[in-house]
Amino acid sequence: MLVQTVNFGSLEIPENRVVTFKEGLPGFPQIHRFAVIELEELRPFQYLQSLDEPPISLFIINPFLIDPSYEFRLTDSDMEDVHSTNSAELAVYAVATIPEDSGSATLNLMAPIVINDKDRCGKQVILHESKYSVKHPLLHDAHQDEAKAQNA
Amino acid sequence: MLVFTRKKDESLVIGNDIEVTILNIGAGNVKIGIQAPRYISVHRHEVYEAIRRENLAAAQSQIPKAEIFQKLLRS
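Chains as they are written, first to last, in this note's numbering: chain A, 1 to 152; chain B, 153 to 227.
One or more of the hints may lead you astray.
Only pairs whose alpha carbons sit at most 30 angstroms apart, straight line, appear in this in silico DSS-like list of lysine-lysine [as the list claims (entries may be wrong)]:
1. B/K217 x A/K135
2. A/K22 x A/K131
3. B/K217 x A/K131
Keep in mind that the hints were calculated from the coordinates and are not lab data.
Excised from the complex, chain A in its bound form:
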């Protein structure tokens, strides 16, 4: 299907790339179909594009690239929602919030997006008892290094 994206014009999405989010996303409960779009110029970001109204898109990224120690536990009901019994087969993404000043971009590590590529279903999981923030600095280390350098 041909999809009008928010930022990248119209893109052809094969039907077998459509991912269903049964509950939608918090804030967008009415959107159930999305596609993960990979564009060379966006790497390491990917693009989660809604295929239902309203047309929204989210920049997503592999959270382990930003925090290699990132970890969380999926509940049985989360696993059921993504039709999976093996968390190793799931793809994990974090949603990025990128303001005009890209340097202050943040990642939502409290609510990762989990996708079962085999069954094409996904869920934004809410980590209740987690230490992770909805606004984890994307360039955390770089900023800390800069601050340290300035203080030195």
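Assemble the complex: chain A is given as a structure, and chain B must be docked to it using the hints.
Just chain B, lined up with the frame of chain A:
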């Protein structure tokens, strides 16, 4: 809004398959147990609200600028 008064260990039934039990009453907080089918998601309001707001903000994101890619590659 429906308002009920409940004592410790008393509960409420919502619909046919949701039960809310007052487990403990402390000073300034109550411990609540919820028994519901798995397809019903239950979240702390403030947590759900923070995530809802962050998703709305994320949907307004700008296309990341070149500097961000350079910094990501460097770190």
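Hint check, failures only: Failing hints: none at all.
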